[in-house]
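Visitor: The chain contents come next:
Protein chains: 6
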Amino acid sequence: MYLYGELPIIKQKFRLVNKLMIMPNKSIEEFNDYRVKMNDRIMAQDNKVLKRFWSLDNQTYQDGALSEKTKELLGLVASMVLRCDDCIKYHLSTCYELGVTTDEIFEVFAVANLVGGSIVIPHTRRAVEYWDALGEG
Amino acid sequence: MYLYGELPIIKQKFRLVNKLMIMPNKSIEEFNDYRVKMNDRIMAQDNKVLKRFWSLDNQTYQDGALSEKTKELLGLVASMVLRCDDCIKYHLSTCYELGVTTDEIFEVFAVANLVGGSIVIPHTRRAVEYWDALGEG
Amino acid sequence: MYLYGELPIIKQKFRLVNKLMIMPNKSIEEFNDYRVKMNDRIMAQDNKVLKRFWSLDNQTYQDGALSEKTKELLGLVASMVLRCDDCIKYHLSTCYELGVTTDEIFEVFAVANLVGGSIVIPHTRRAVEYWDALGEG
Amino acid sequence: MYLYGELPIIKQKFRLVNKLMIMPNKSIEEFNDYRVKMNDRIMAQDNKVLKRFWSLDNQTYQDGALSEKTKELLGLVASMVLRCDDCIKYHLSTCYELGVTTDEIFEVFAVANLVGGSIVIPHTRRAVEYWDALGEG
Amino acid sequence: MYLYGELPIIKQKFRLVNKLMIMPNKSIEEFNDYRVKMNDRIMAQDNKVLKRFWSLDNQTYQDGALSEKTKELLGLVASMVLRCDDCIKYHLSTCYELGVTTDEIFEVFAVANLVGGSIVIPHTRRAVEYWDALGEG
Amino acid sequence: MYLYGELPIIKQKFRLVNKLMIMPNKSIEEFNDYRVKMNDRIMAQDNKVLKRFWSLDNQTYQDGALSEKTKELLGLVASMVLRCDDCIKYHLSTCYELGVTTDEIFEVFAVANLVGGSIVIPHTRRAVEYWDALGEG
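Chains as they are written, first to last, in the working numbering: chain A, 114 to 250; chain B, 114 to 250; chain C, 114 to 250; chain D, 114 to 250; chain E, 114 to 250; chain F, 114 to 250.
Bear in mind the hints are in silico, worked out from the structure with no lab data behind them. Possibly wrong hints are sitting among the right ones.
Copies of the same chain are indistinguishable here, so a pair counts whether it falls within one copy or spans any two.
Computed list of lysine-lysine pairs in DSS-like fashion (alpha-carbon distance at most 27 Å, straight line) [what the hints assert, rightly or not]:
1) Lys-182 <-> Lys-164
2) Lys-182 <-> Lys-161
3) Lys-164 <-> Lys-150
4) Lys-161 <-> Lys-150
Based on the provided sequences and hints, a complete structural model is requested.
Guide: Set out below in structure tokens:
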């Protein structure tokens, strides 16, 4: 019958809604999908300045006199004191892939809190939640 | 039967929830309704300084030595570098009504990204999504 | 039958979803639960600098040459001009418990709008909504 | 002889130069003179929005549900976390005229440092220097 | 005699010192000399990301869907709300060369004050002084 | 005679004034002297929150999961994107003592410019000038 097939899906969706209400962070996958979709849209417009700026942004974190890891930590702390949640998530993801430890991440958070003040605290909460979610895969 | 009447509405709501999860931007209508409702609430409190400030805010963008269109572009770029998503949406709506083209909007985005840096990128994504939604009516 | 027991809960959840879409502010309880949960998580990591900073943050608003009430108003206006919604909610809650009146709160909002400019307006909307919700218990 | 009349003035000017190099803050009088001169210049241009905004700025700090003193403290802490040295000086001058004590001022500084972080420290140094200069007449 | 030759130069220098104390803005020429000198120094280090970013910064303001003049006004208002005095001076110079009128400039200042708040006022004073100095050549 | 003793000192002072006008950065020594003098003044007031915050600020950069050098680079990039010249100078001095190379410093500058945008450029100029002055001892 129609309802038996429908209900499990309903339940599945409720779990998603429920999760959305408990977790202020959008899920990792959702965050990445949105980024990719909108980046594609923006590149399609072919504004040369924007394209070159975004390409340059990627070059900035490559190995050089400082390692890629150190540069990602720099990008993370800069994003935290400027309080850009999406930028924080992006750098947390890269840090995770580069094998940064949780103690190291918390020391970056500590610098960000001291330099940027208590207004960085709410962003620290969301950053820790996202970092833990990365660890849980 | 009860369930036959209920389910289509359930489905309709799921679509809304689903849309909410895909699109980080609240819908255009929802954004405007909230603005109007809260503005009414705030005006009702009768704080003279707030009332005059908000009234002055409206006068700022009227035609003068510079056209209304140019001033709205100024309001937009200022909102972007200060990273105020709601302000960006407001100015995008007015720009849309004034016939600003997508290429012009993207040049404002380019200036905002260069002046304000990569922390403006997530706001640019949401701004483009909102601009496209305005175009789809 | 299974469905009769399920449906009222479904409806209950839809109301929550619906509320979520009308009210951009997360509910008071939800906001507090998340704060407590993440603070516990962060304290558990035992980063000494973060722990001391957060403890110091609490001491800052205690009675001294200035009253706790005045200091909470200072915390509120600082949070508004720096546009930190979660910080605003926190100070609004404490102001509410200390018996600050709605007219006093709006005068803080007025100072914040004048000093910080029209980019503070969207935060004022959300702050007024939260303040009213505190009053409705 | 010409030189005898000239030299004391030379010495006087050297003292000024010397003071300028020791003290990063421009003197109180100099600060006020510049403000008045430029405000007159700007009002003379007769831009209505600017004129109304500046007039509204003055009304913001008048006695109401909150006292003028409390509002000046709000203006001070907002100026500190936004790191506007000239705004800080202006509010410090008014606070001084209203009889705010040094202990009260330091508690405002403490809130500003905690909320705004260590980047507020250099502004705190200059603010303390200016506050002390106000006390020395 | 030695002193007769010396004194006119002394006086000349005193005038400079005196001017320095009255005018907080460094002179136009001094500002440009410093910019050129330090830009040369920085380019000589050959950091590729910095070089490309600065080059891209120049491309941003070229004629496109929006005119160079409109883009310079966008750069000016963005610099004002972000309160970057040197950036303001740079865009004022270019605006002056492009024939922007004083009434137009003041309308940009008005938008910047409304969007960015009263903390923009001290920057407006210095901007007006610099703009007037450009006019006096 | 009186004047013969006086004049060499006059000349010496003119050189100082002249240097002040050419170099926007106050000298390294002058910067440090002012910091120490004002820190002493502030500590003397005995505001417990300020004292603990400043003490905590020092602990933040000590060796831990991340090295002192990495933390100083984090402090530097955070100071740059928040555009705090005095904070930049402080971290540059510590980086210099820790043996950070000029190429490494420029990579921090590059991250700061990309994340924070072209408004960081004027601070980069002053930072490079200060860094070079540290190298010249």
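Visitor: Confirm or reject each hint.
Guide: A quick look at each hint next to the structure:
no.	hint	in the structure
1	Lys-182 <-> Lys-164	both (25 Å within a copy, 22 Å between copies)
2	Lys-182 <-> Lys-161	between (29 Å within a copy, 19 Å between copies)
3	Lys-164 <-> Lys-150	within (15 Å within a copy, 30 Å between copies)
4	Lys-161 <-> Lys-150	within (19 Å within a copy, 29 Å between copies)
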